[in-house]
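Put chain B on the given structure of chain A with help from the hints.
2 protein chains.
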Amino acid sequence: MGDHGSKADGPRVLADLNALRAFGAYKTGVHRPTFSKPHIQSLQWLAKKLPEAGLTAEIDGIGNVFGTSAKLGPKLLAGSHLESQNFAGWLDGPLGVIYALEAARVINTDPTVKGVVEVASWCDEEGHFGHFLGSRSYVGDVSKQDIDAARDRTDGRAMRDALQAGGLAGRPRKTAEPGRHIGYLEAHIEQGRTLEGSQLGIGVVTSIVGIWQFQIVVTGEQNHAGTTRMKDRKDAGIAAARLCVAIDDRFPASAGARTVWTTGRITLDPGAPSIIPGLADVLFQVRDDNSEVVERLEALLGEIAAEISATSGCGIEVKQIRTGKPAMMDASFQRAIAEAASIFASGKSLSMPSGAGHDAQVLATIMPAGMLFVPSIGGISHHWSENTDDADIVRGAEVFVEACRRLLSR
Amino acid sequence: MGDHGSKADGPRVLADLNALRAFGAYKTGVHRPTFSKPHIQSLQWLAKKLPEAGLTAEIDGIGNVFGTSAKLGPKLLAGSHLESQNFAGWLDGPLGVIYALEAARVINTDPTVKGVVEVASWCDEEGHFGHFLGSRSYVGDVSKQDIDAARDRTDGRAMRDALQAGGLAGRPRKTAEPGRHIGYLEAHIEQGRTLEGSQLGIGVVTSIVGIWQFQIVVTGEQNHAGTTRMKDRKDAGIAAARLCVAIDDRFPASAGARTVWTTGRITLDPGAPSIIPGLADVLFQVRDDNSEVVERLEALLGEIAAEISATSGCGIEVKQIRTGKPAMMDASFQRAIAEAASIFASGKSLSMPSGAGHDAQVLATIMPAGMLFVPSIGGISHHWSENTDDADIVRGAEVFVEACRRLLSR
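Chains as they are written, first to last, in this note's numbering: chain A, 1 to 410; chain B, 1 to 410.
Okay, chain A solo, but in the shape it has when bound (with noise of 0.2 Å):
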């Protein structure tokens, strides 16, 4: 296809954006939550495009969407997602399946490259019902029980319940093919305001960081708040602000340059304006990728809270409830990135870790992986305005495209 071939057709890749925001449209962004009618329609329009690119699509038993090519040569595997969190951006994860559509339709095409990009949409990368369920489906790390037991987080329908609702019961789960990539590559919005801030236009993934979450459970004495002098009490509420400020107070000296910690969610049981709390309950997470960085703030957690305990009177549990290991991103495609990004973006990137979590933390576990992020505005995420400027989003596909390209081409 010549020179159009060549490189991405920016006003294709928007208006194909676009087409998708139109499925659960919501203010600017959209609503749509996995196996919702939305998604399920927007499922299906991405398995209707697929054949532009020349690849046999498929939507399988978990409700990732695949478009594969019977070509023989080397295969680069693109993708990300299209479910949203609830009333949330139109950008967070089908950026990343349109740069690969684009990819797959301008390499597939051009008779100069030998190898193929096939598409991937991997179902539920935000937690609707699970934990990256497409992904880890796709590399064996998710049972049938675990559809048996899963349920949508906001309105506790079960999974196999909206998997027959839409259509998709019954159908074989698909899984990785040992040795048919050379790797993964994901696009997606940055999701904080370090690009925008500096003024680039490309993110060149260095990592995933790994995410530890804990439950710390504070377990007091309940009682009544007017009759119980203060000497007397074992608040467990009180024990557990303690226990969230002297973390503030002290993580900082023991922590690396990126790590971050965050306090979701402080439950006081039973939560009356009149009486001790008896029982606080605190989510709390640290991410870094850096496991020795973690595991020394493990252990200071623990005497922090071996330290309140002791003043408060109060039993304090941590449990270490989730760990998301770190990924690191494969350095061979952090170069064709970074390459790519010299031509389409004059050489405005920049080598970050990711904060968040992304489907190529599960596909690095079983080939080279590799992410780039476009800039967000105002680092605006999980939120219907979360958005990204046309002229960002189409240099980002540029750059996408030929790092695909260089990937196939080694």
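Warning: the hint list may mix true and false statements.
Intra- or inter-copy, both count: the list cannot distinguish identical chains.
In silico DSSO-like links for lysine-lysine, alpha-carbon gap of 27 Å or less [what the hints assert, rightly or not]: (1) 48 with 114; (2) 325 with 231; (3) 71 with 7; (4) 144 with 174; (5) 7 with 75; (6) 348 with 325; (7) 348 with 231; (8) 114 with 71; (9) 71 with 174; (10) 75 with 174; (11) 37 with 48; (12) 114 with 7; (13) 37 with 144; (14) 319 with 114.
Simulated from the structure, these hints should not be mistaken for lab results.
Chain B in isolation, oriented as in the chain A frame:
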């Protein structure tokens, strides 16, 4: 009735309390929320009992039960409440009602006493539908609109529907007749450990503390817990935790000897593990019987909030959402109780404020009022395991009846 009529009949008091315990029995306590079937049954049971004391029974349009007498002479009003907190204790409320019934049975038939004890059971002291609705209705502080708007805090049932279902709709509400009573006397379990800890039998209540209830709203910036660096955050949850800790550290220097303060609930919004809370909502209360102390603490709370707002970058708004003024118990009532305790409790009585609210604080706004406490085992309150030794129950009844006699004989 001679010797028998001159003092409380302990076995009769215990039998009546155990009869009430059968309505809504739950483990060793009761589940008898306002206008539940067992609650309505308990009101009817009391109405049937009142004629034993020469009283005419009436259940009014808000579920108050009154036992009134047409006799001339001084009249003392005595009572408490019959509903319970959910799955709570058997004596919290019924003790004071049965003591009042017993006092009426003993005194109203004793020719040596010139006056009469009238009995009241106040509806919804436990606040299922509002806030001291029964006693406040009696003193003229509850409007028709208040009742129209009231809903069960547990299941949202409209109070009008509950009154209808209980057979009370359309009945008039009885209000206080000015000058009818020389005052109001109420007995209650202590709901604390002071009497038990000092091996005392009777608490002579000096005041009922006021409750200043605050809602503190902290406004930060909701953001992604992975992609937002620590230095870029305005974390409403951490600011709220710092506020709670600063209160606990700095209030003691400005508080009175018996001031208590409690953070009963902290709600972080949206409350998800991977989202930096943009909003924190804190329910905080202060109780004291001295308004000046609380005004000083309120000013300090404002200072602390301003300091933490400045250092955290979060907005902090402190709203006073409710104030229950402290109520002083009448000196002559305190004296009568102490004198009665010197006869029937070997003088083992203690003057003490009540940290919990009681209907007596509402009645105290229109007439002299007094309260006596009996010990609570382990200070347990608002839990089905709440209990008091039979010997303490009987001793309390004897002191209560004697205090009534002394108040009517002045």
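For each hint, the structure was consulted:
In this homomeric assembly, residue 48 and residue 114 come within 27 Å of each other (Cα to Cα) only inside a single copy, at 25 Å, whereas the closest approach across copies is 97 Å. Taking identical chains as interchangeable, the C-alpha atoms of residue 325 and residue 231 lie at most 27 Å apart only when they sit on different chains, with a minimum of 24 Å there against 44 Å within one chain. Taking the shortest alpha-carbon separations for residue 71 and residue 7, only the intra-copy value of 21 Å comes in at or below 27 Å, while the best inter-copy value is 103 Å. Taking the closest pair of Cα atoms, residue 144 and residue 174 come within 27 Å of each other only inside a single copy of the chain (13 Å); across copies the shortest separation is 66 Å, beyond that limit.
In this assembly of identical chains, residue 7 and residue 75 lie within 27 Å of each other by CA distance solely inside one copy; the values are 18 Å within and 98 Å between copies. Taking CA atoms no more than 27 Å apart as the test, residue 348 paired with residue 325 passes in neither setting, with 30 Å inside one copy and 65 Å between copies. Only between protomers do residue 348 and residue 231 lie at most 27 Å apart by alpha-carbon distance; the minimum there is 24 Å, versus 61 Å within a single protomer. Only within a single protomer do residue 114 and residue 71 lie at most 27 Å apart by alpha-carbon distance; the minimum there is 10 Å, versus 110 Å between protomers.
In this assembly of identical chains, the alpha carbons of residue 71 and residue 174 lie at most 27 Å apart only when taken from the same copy (19 Å versus 90 Å across copies). For the identical chains of this complex, residue 75 and residue 174 are intra-copy neighbours only, at 17 Å inside a copy versus 86 Å across copies, given an alpha-carbon limit of 27 Å. Proximity of residue 37 to residue 48 under the C-alpha cut-off of 27 Å is restricted to the intra-copy arrangement: shortest distance 17 Å within a copy versus 62 Å between copies. Proximity of residue 114 and residue 7 under a CA criterion of 27 Å is satisfied intra-copy only: 16 Å inside one chain copy versus 106 Å between copies.
In this homomeric assembly, residue 37 and residue 144 come within 27 Å of each other (Cα to Cα) only inside a single copy, at 24 Å, whereas the closest approach across copies is 48 Å. Taking the closest pair of Cα atoms, residue 319 and residue 114 never come within 27 Å of each other, the shortest separation being 51 Å inside a single copy and 69 Å across copies.
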